[in-house]
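Engineer: If you read the sequences in order, they're chains U and H. For the first sequence, the working numbering gives the first residue as 1, with consecutive numbering after it. For the second sequence, the working numbering gives the first residue as 1, with consecutive numbering after it.
Don't take each hint at face value.
Which copy is meant is left open, so a pair is good if it fits within one copy or across any two.
[Unchecked claim] No more than 25 Å apart at the CA atoms, straight line, and that leaves these computed lysine to any residue pairs for SDA-like:
1) K141 to G228
2) K318 to G168
3) K216 to D179
4) K83 to H63
5) K401 to I342
6) K245 to M65
7) K368 to T40
8) K401 to G228
9) K295 to F402
10) K48 to R124
11) K12 to G228
12) K191 to C137
13) K48 to R363
14) K12 to D177
15) K401 to M65
16) K368 to D80
17) K139 to A32
18) K141 to D122
19) K321 to D122
20) K318 to A277
21) K401 to A376
22) K12 to T66
23) K401 to R260
24) K35 to N359
25) K155 to D177
26) K401 to G118
27) K191 to N327
28) K344 to I364
29) K141 to D373
30) K401 to R88
Simulated from the structure, these hints should not be mistaken for lab results.
There are 2 protein chains.
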Amino acid sequence: MDQEILNSLIVKNESKIIYLIMDGLGGLPQQAGGKTELETAQTPNMDKLAVEGSLALLDPIGHGMTPGSGPAHLALFGYDPIKDNVGRGILSALGVDFPVTGKDVCARLNFCTLDADGNVTDRRAGRIASEINERLCQKLKDSITLSDGIEFFLKTESEHRALLVIRGEGLGGNINDTDSQQTGVPPLLAKGKDEPSKKTATYVNEFLAKVRDVLKDESPANFILARGFAKHEPLPTMEERYGIKCAAIAQYPMYRGLARLVGMDVLERPETYEAMAEQLKENYDAYDFFFVHFKKTDSYGEDGNFDAKVNVIEEVDKWVKGLESLNPDVLVITGDHSTPAIMKAHSWHPVPALLHCGNGLNRIDHTKSFGEDQCAQGGLGRMEMKNIILEALACAGRIQKFGA
Amino acid sequence: MDQEILNSLIVKNESKIIYLIMDGLGGLPQQAGGKTELETAQTPNMDKLAVEGSLALLDPIGHGMTPGSGPAHLALFGYDPIKDNVGRGILSALGVDFPVTGKDVCARLNFCTLDADGNVTDRRAGRIASEINERLCQKLKDSITLSDGIEFFLKTESEHRALLVIRGEGLGGNINDTDSQQTGVPPLLAKGKDEPSKKTATYVNEFLAKVRDVLKDESPANFILARGFAKHEPLPTMEERYGIKCAAIAQYPMYRGLARLVGMDVLERPETYEAMAEQLKENYDAYDFFFVHFKKTDSYGEDGNFDAKVNVIEEVDKWVKGLESLNPDVLVITGDHSTPAIMKAHSWHPVPALLHCGNGLNRIDHTKSFGEDQCAQGGLGRMEMKNIILEALACAGRIQKFGA
Chain U
1 MDQEILNSLI VKNESKIIYL IMDGLGGLPQ QAGGKTELET AQTPNMDKLA
51 VEGSLALLDP IGHGMTPGSG PAHLALFGYD PIKDNVGRGI LSALGVDFPV
101 TGKDVCARLN FCTLDADGNV TDRRAGRIAS EINERLCQKL KDSITLSDGI
151 EFFLKTESEH RALLVIRGEG LGGNINDTDS QQTGVPPLLA KGKDEPSKKT
201 ATYVNEFLAK VRDVLKDESP ANFILARGFA KHEPLPTMEE RYGIKCAAIA
251 QYPMYRGLAR LVGMDVLERP ETYEAMAEQL KENYDAYDFF FVHFKKTDSY
301 GEDGNFDAKV NVIEEVDKWV KGLESLNPDV LVITGDHSTP AIMKAHSWHP
351 VPALLHCGNG LNRIDHTKSF GEDQCAQGGL GRMEMKNIIL EALACAGRIQ
401 KFGA
Chain H
1 MDQEILNSLI VKNESKIIYL IMDGLGGLPQ QAGGKTELET AQTPNMDKLA
51 VEGSLALLDP IGHGMTPGSG PAHLALFGYD PIKDNVGRGI LSALGVDFPV
101 TGKDVCARLN FCTLDADGNV TDRRAGRIAS EINERLCQKL KDSITLSDGI
151 EFFLKTESEH RALLVIRGEG LGGNINDTDS QQTGVPPLLA KGKDEPSKKT
201 ATYVNEFLAK VRDVLKDESP ANFILARGFA KHEPLPTMEE RYGIKCAAIA
251 QYPMYRGLAR LVGMDVLERP ETYEAMAEQL KENYDAYDFF FVHFKKTDSY
301 GEDGNFDAKV NVIEEVDKWV KGLESLNPDV LVITGDHSTP AIMKAHSWHP
351 VPALLHCGNG LNRIDHTKSF GEDQCAQGGL GRMEMKNIIL EALACAGRIQ
401 KFGA
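In isolation and in its complexed conformation, chain U is listed as follows:
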């Protein structure tokens, strides 16, 4: 929906919307004719909501498209997952809780090993321990200054991986990877694809030259490779787009960062699911919209652990029971994408979704439980993920009539 038209239709009221997101929720059966993780799980609370509500299948990006976490979450929040997509460097920054600003170009680093001729012999420097990574980052920070007052930041992720941020006025992020993904060849120089990015590339190359000098006597990590350069282009906030004050309740940095990117207030990191429930209750009066994120469904999917993914879904189902007392006007339960355990990876399969309106304003379909096959028969049909927020806002009485 065109933002200008939407702005003219959005109204504010006292309604509450809860978005309960199980990361990588969608799945596949272990054998032909079997049940998916969600269909296998005993979920009496979500099944009751399915009976009273409407089901759907959501396409995060489009048919056949497997989304990363960034675009999938943007689609959940109603943004365009392709046009508004966030670069890898930015996602890395979010993943280590780095507070990105509008002056930053971010990139993912690998410590690597160069031979005497300057050719890459190991793109991951033997997967050095994180402690060594930390020591090297500190050494670089202590030793290097860039010209023209340009700042840089380094932050260890884990093993050989780190974050690089170059901060300054007028920098662009259209820069090639310096990692050629090959060994036996030298690392590439940074080249900018436009004027602001050429400016950044100058400082990146200055930085790389100084790194080579500082690390020349280290082993095995005597250089770095950079990839995924990206500038942070600010997005309109959820509040600007939909007139809703939003809070995020999430344990993992990446999702906390994605929420911050669309202007949500990110509540203090909760240690447990109980703490997440407490945060929701304590902040219920202060916000219109709550993004509640459960990560482990995706983690176990990536591990290929079907049973553990089933168990997490059952745990979340018990958690859902606790929402009854709040009786939100609109409750959406879904995932950001599918992570079938048998694939050990994100997949393109559309994501099961449940829309329940405490105010009675959703259609009731004949579906009897929350699962992929029931969702394929759901009253909302198969839809683009980015539209589910419009269904939620409408059910919450927050979108006025278009035309007379």
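Starting from the structure of chain U, add chain H where the hints point.
Structural biologist: Just chain H, lined up with the frame of chain U:
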């Protein structure tokens, strides 16, 4: 579908298409687990057509978007409900059967009350009786002449509401409301947002100044407020778009006007449903496409009268029985939008639709009755309302193959 491509594919033949529209047909159950109005109604004739035909859910504008009657009908006729949307002033003109031309700028008027300082004290002039409104309109028509040969027309709607039309060459409709929606402040002047509209604004302000003088001794209605200025931008007709000669059978002015807007011949206003059936039979040979509009489903929905809406649907179902003898090549039964009785208003919920081909060229799905949940499982799926005309034209053999 791109109009140029469509034009290259459209062919004419002897087929007949009937569009049976129950205004505001879509509904909601009265309580969780219950049935909608359409699902509650006993509709043996439409159920038989559902068994033989295909069902769908139609989105008039998009997910979460609640349509007015204007955009919803444009979508039914295959026009873009947003791009081709018709301004409020034009809809008002259609609603009082005013024959709008391409030189007209239309606006909705309220008679209002000003105090001695010229501030609005009552935006509706105490909701004066329609007879007073008529007398005042006549007085203004008798007393006012505009410069440069610009014409104006006034037509009473009801109570304090009337229609204003300014007619002249080269006028624009981008003009602010002179109603600030507040009391205790003076009415606003008209300002045009572009050159043609600035020209119109000059005549509107001349008109307002003269109205103030003519009504100065009236009470309580001593001035007018104008809103919803709109120019009539002619749309291509249905015949130009689809090569079909179209007739409209409708009782209410607004829908007769919308049909006229897309070039349909609007048959004489029928007093009863029997008269509508008669008109259809009498004109069956003379047209390719019939738009038959039943209003009361929407009226009772707006009243919050669930049972009365159910009764109207049952009446229309009996009417449908009469179509058997005509055996149209294509029969579409749907609504323009949803008006759930429990909401007493238009809503965003997708609209149940039935496509039946007397010539046997529609897919047959497993659905057994005409209702929202069955439509959610229908063979046509959930689709944009503006595309249903293409399905109908195709079933009628009126769209040729694209490409070789």
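Engineer: It remains to establish, for every hint, whether it holds in the given structure.
Structural biologist: Each hint tested on the structure:
Taking the shortest Cα distances, K141 and G228 sit within 25 Å of each other inside one copy (21 Å), while across copies they are farther apart (63 Å). In this assembly of identical chains, the alpha carbons of K318 and G168 never lie at most 25 Å apart, being 48 Å within a copy and 69 Å across copies at closest. Taking identical chains as interchangeable, the C-alpha atoms of K216 and D179 lie at most 25 Å apart only when both belong to the same chain, with a minimum of 18 Å there against 75 Å between chains. Both within a single protomer and between protomers do K83 and H63 lie at most 25 Å apart by alpha-carbon distance, with minima of 17 Å and 20 Å respectively.
Taking CA atoms no more than 25 Å apart as the test, K401 paired with I342 passes between copies only; the shortest distance there is 17 Å, against 45 Å inside one copy. Proximity of K245 to M65 under the C-alpha cut-off of 25 Å is restricted to the inter-copy arrangement: shortest distance 21 Å between copies versus 31 Å within a copy. When the C-alpha separation of K368 and T40 is checked against a cutoff of 25 Å, the pair qualifies both within a copy, at 14 Å, and between copies, at 20 Å. Proximity of K401 to G228 under the C-alpha cut-off of 25 Å is restricted to the inter-copy arrangement: shortest distance 15 Å between copies versus 43 Å within a copy.
When the C-alpha separation of K295 and F402 is checked against a cutoff of 25 Å, the pair qualifies only between copies, where the shortest distance is 20 Å, while the shortest distance within a copy is 38 Å. In this assembly of identical chains, K48 and R124 lie within 25 Å of each other by CA distance neither inside one copy nor across copies; the values are 49 Å within and 49 Å between. In this homomeric assembly, K12 and G228 come within 25 Å of each other (Cα to Cα) only across copies, at 23 Å, whereas the closest approach inside a single copy is 39 Å. With identical chains, the CA atoms of K191 and C137 are at most 25 Å apart within one copy only, with a shortest distance of 24 Å there and 63 Å across copies.
Both within a single protomer and between protomers do K48 and R363 lie at most 25 Å apart by alpha-carbon distance, with minima of 15 Å and 24 Å respectively. For a Cα distance limit of 25 Å, the shortest separation of K12 from D177 across copies, 23 Å, qualifies, whereas the shortest one inside one copy, 45 Å, does not. For the homomeric pair K401 and M65, the shortest alpha-carbon distance between copies (7 Å) is at most 25 Å, but the shortest distance inside one copy (33 Å) is not. In the homo-oligomer, the alpha carbons of K368 and D80 never lie at most 25 Å apart, since the shortest distance is 32 Å inside one protomer and 37 Å across protomers.
In this assembly of identical chains, K139 and A32 lie within 25 Å of each other by CA distance neither inside one copy nor across copies; the values are 55 Å within and 64 Å between. In the homo-oligomer, the alpha carbons of K141 and D122 lie at most 25 Å apart inside one protomer (23 Å), although the nearest pairing across protomers, at 71 Å, exceeds that limit. Taking the closest pair of Cα atoms, K321 and D122 never come within 25 Å of each other, the shortest separation being 51 Å inside a single copy and 51 Å across copies. Proximity of K318 to A277 under the C-alpha cut-off of 25 Å is restricted to the intra-copy arrangement: shortest distance 11 Å within a copy versus 54 Å between copies.
In this assembly of identical chains, K401 and A376 lie within 25 Å of each other by CA distance solely across copies; the values are 23 Å between and 29 Å within a copy. For the identical chains of this complex, K12 and T66 are inter-copy neighbours only, at 16 Å across copies versus 35 Å inside a copy, given an alpha-carbon limit of 25 Å. Taking the closest pair of Cα atoms, K401 and R260 come within 25 Å of each other only across two copies (24 Å); inside a single copy the shortest separation is 31 Å, beyond that limit. For the homomeric pair K35 and N359, the shortest alpha-carbon distance between copies (16 Å) is at most 25 Å, but the shortest distance inside one copy (32 Å) is not.
Within a single copy, K155 and D177 get their C-alpha atoms as close as 19 Å, which meets the 25 Å cut-off; across copies the closest is 56 Å, which misses it. For the homomeric pair K401 and G118, neither the shortest alpha-carbon distance inside one copy (65 Å) nor that between copies (33 Å) is at most 25 Å. For the homomeric pair K191 and N327, neither the shortest alpha-carbon distance inside one copy (54 Å) nor that between copies (48 Å) is at most 25 Å. Taking CA atoms no more than 25 Å apart as the test, K344 paired with I364 passes between copies only; the shortest distance there is 18 Å, against 34 Å inside one copy.
With identical chains, the CA atoms of K141 and D373 are never at most 25 Å apart, being 54 Å at best within one copy and 63 Å at best between copies. In this assembly of identical chains, K401 and R88 lie within 25 Å of each other by CA distance solely across copies; the values are 13 Å between and 39 Å within a copy.
This entry does not satisfy hints 2, 10, 16, 17, 19, 26, 27, 29, going by the numbered hints stated previously.
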